Amino acid sequence: MTEEKEHREYAGQFRRSWAKLKRNKAALFGGALLLLYLFTALFAPVLYPGSPSAPNLMISLEKPSRDHFLGTDELGRTIMGRIIWGSRVSLLIALGVISVGLVLGVPLGLISGYYGGKIDFAIQRVTDMMLAFPGFLLALALVAVLGVGLKNTVISIGISMIPIYIRLVRGCVLSVKEQVYVEAARAVGSKDFRIIVRHILPNVMVPITVQTSLGMGTAILFAAGLGFLGLGVQPPNPEWGAMLGSGRAYLFNAPHVATFPGVAIFLAVLSFNLLGDGLRDALDPRFRI
Amino acid sequence: MSLLEVQDLKKYFPVKKGILSRTIGEVRAVDGISFTLERGETLGVVGESGCGKTTMGRSILRLIEPTSGQVFFNGRDILRLRGEELRKMRASFQIIFQDPFSSLDPRMSVGQIISEPLRNHLSGSRSEIKDRVAHLLNRVGLHPSQMGRYPHEFSGGQRQRIGIARALALNPLAIVCDEPVSALDVSIQAQVINLLVELQEEMNLSYIFIAHDLSVVEHISDRVAVMYLGRIVELASDQALYENPVHPYTQALLSAVPVPDPDMRKKRIILEGDVPSPIHPPTGCAFHPRCPARRNRCSRERPELLDLGNGHFVACHEK
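Protein chains in written order, with my numbering: chain A, 19 to 307; chain B, 7 to 325.
Wrong hints could be hidden among the right ones.
[Said to hold, decoys possible] Mimicking PhoX-like on lysine-lysine, the simulated pairs with C-alpha atoms at most 20 Å apart in a straight line are:
hint : chain 1 : residue 1 : chain 2 : residue 2
1    : B       : K94       : A       : K209
2    : B       : K22       : A       : K136
3    : A       : K136      : A       : K43
4    : A       : K209      : A       : K195
[To be verified] Facing chain A, according to a computed beta carbon distance under 10 Å, are these residues of chain B, among others:
hint : residue
5    : G81
6    : N177
7    : R308
8    : E310
[Claimed, not checked] Here are some, though not all, of the chain B residues that point toward chain A, as calculated from beta-carbon distances under 7 Å:
hint : residue
9    : R68
10   : L69
11   : R93
12   : F103
13   : S108
14   : S109
15   : D111
16   : R113
17   : E122
18   : P123
19   : N126
20   : L128
21   : M153
22   : N302
Bear in mind the hints are in silico, worked out from the structure with no lab data behind them.
What you are looking at is a predicted structure, and each value in this text was computed from that prediction instead of being measured.
Cβ atoms here follow ideal geometry from the backbone N, Cα and C, with glycine treated the same way.
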């Protein structure tokens, strides 16, 4: 690559990534879904002013109609309203889980990759142990220890995300720390902390961003899984997985009770995954279009 | 006392193999190098790729941890410095890197890059640091208004100037220049070298100038060291080395320098074979398998670096 060409490609990095993302129809669809989801979560009280948890046994298990767009559940609660309010719960869980994963996983990955040696060995062996369990099983085991509820759902799924971040960040740090500009920073007398925060972290942000988008989808799915098993957010709070779980009993005479929360979970997870895949392709300079 | 005195510096890289990463050998990248550097002097270091020039430069600065030896800088042994002491020493001993593209962090502005050494070692206010950065940019021929730009917006030569400004930020005593112009276009090389010469006169800097281009080294150096397989084979003043090379390797290197005269014919010494592996260096004189003047003794005894007079050192049994 000639010097000048490289120069131009660097200059348009952001614009190029954006152009690539715009051309990726799946990613755009994911982004649009995500916006809809965020909008619903933010404006839930406006979209459905009533209480999503107040039962009305007179109208239990009604099929979708004009009054109840998506029907009602076994306690006569409007499924539309519960899905709308449930988006808040799942978004809260996703953000909480990602925060736990980022706050603990990224620094440990940075330390592990940068210092190497015994610290690296210790962190990596613990990571190995955590990765030996499938993510959901690990979260399930943690819930068994911590107990059910929103907070514990966030903590247990969050902990199961930590090793993923540690591995990802460590791998990226191993390549970035060999860069000449890191050596240059050492040569001008920068301390390790400064090198890690100012030079290494900004240069590993791209994979972290992609993983965060994909991880939010996984978090929602895991939370729904725990809710389905009755180990997540507890009723009467509207949580999609729990709604799906309780609707299971009426699958034959009132299939809409389980179907619509399932569709909500599917779309939310899909939006994060499509956007995450799109971001990965757009931000990776190796994929050129 | 010299500003810098290097004694018997060695850097061996272990060669590991297998799942237990047993050490099965070592690469003798730098194998016992000694020299001195005076205040305001330029020592050129030349040699083929892989002869250990760069490793030597980085070992002296402890960017790579040397295996053994002593490096006295301003009277203190750098290799014994710990933690903070080492970090403080870096203020007066700097390096300019070969590749101006990879040596600047792509996510930092030029102002941030040049102010990094200032923030590490001095406590100045924001505006004081900014003034200093502006002054440095001016000094290396860039405009202070370019402070907010990012490295990718500059050409190779300009980026190398940014690297030079960073090295100058703390008024160092000495700078290791690790092939600072070999990644640049020929037309830009001269500009950067002239800048380095000007700065040296102005600030009484000492340079260790590593290069593989003999004509560049000749232009800038007071003394020149020729390296082969991790050792210095000849060390002499600029003039003595170019006019009267003694070591057969130096002679062969110099015969490869093109002369800008189409009618001039000179004897070109073509060396046979490749540079031997530094994992299994030849016995005796490391150069003997390729040497046109080798004798029996050369494969058995390793020649010492001896003074021929007037500070002309050479490691060869012939002399």
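Original post:
Holds or violated: is there a CB of chain A closer than 7 Å to the CB of B/L69?
Top reply: With a closest approach of 6 Å, the B/L69 hint holds.
Original post:
Going straight from one Cα to the other, do B/K22 and A/K136 come out at no more than 20 Å?
Top reply: Satisfied, since the Cα-Cα distance of roughly 18 Å is no more than 20 Å.
Subject >> Interface hint status, B/P123 versus chain A (Cβ within 7 Å) >> reply: Because about 4 Å separates B/P123 from the closest Cβ in chain A, which is inside the 7 Å limit, the hint holds.
**OP:** Could you check if B/D111 really has its C-beta closer than 7 Å to a C-beta on chain A?
**Re:** 4 Å, holds
Original post:
When the nearest CB of chain A is found for B/S109, is that gap smaller than 7 Å?
Top reply: Given a least distance of 4 Å, the restraint on B/S109 holds.
**OP:** Could you grab the alpha-carbon distance between A/K209 and A/K195 and see if it respects the 20 Å cut-off?
**Re:** 14 Å, holds
Subject >> Hint validity - B/R68 Cβ closer than 7 Å to any chain A Cβ >> reply: Since chain A brings no Cβ nearer than about 9 Å to B/R68, farther than 7 Å, the hint is violated.
Original post:
Under the criterion of a CB-CB separation shorter than 7 Å, is B/N302 in contact with chain A as hinted?
Top reply: 45 Å, violated
Original post:
At a threshold of 7 Å, is the proposed contact between B/N126 and chain A supported by beta-carbon distances?
Top reply: Holds: closest Cβ of chain A sits about 4 Å from B/N126, inside 7 Å.
Original post:
When the nearest CB of chain A is found for B/N177, is that gap smaller than 10 Å?
Top reply: 13 Å, violated
Original post:
Regarding the hint that B/E122 lies at the interface with chain A, is the smallest CB-CB distance below 7 Å?
Top reply: 6 Å, holds
Original post:
Per the CB criterion, is B/R113 less than 7 Å away from chain A?
Top reply: With a closest approach of 4 Å, the B/R113 hint holds.
The earlier numbered hints that this structure contradicts are 3, 5, 6, 7, 8, 9, 20, 21 and 22.
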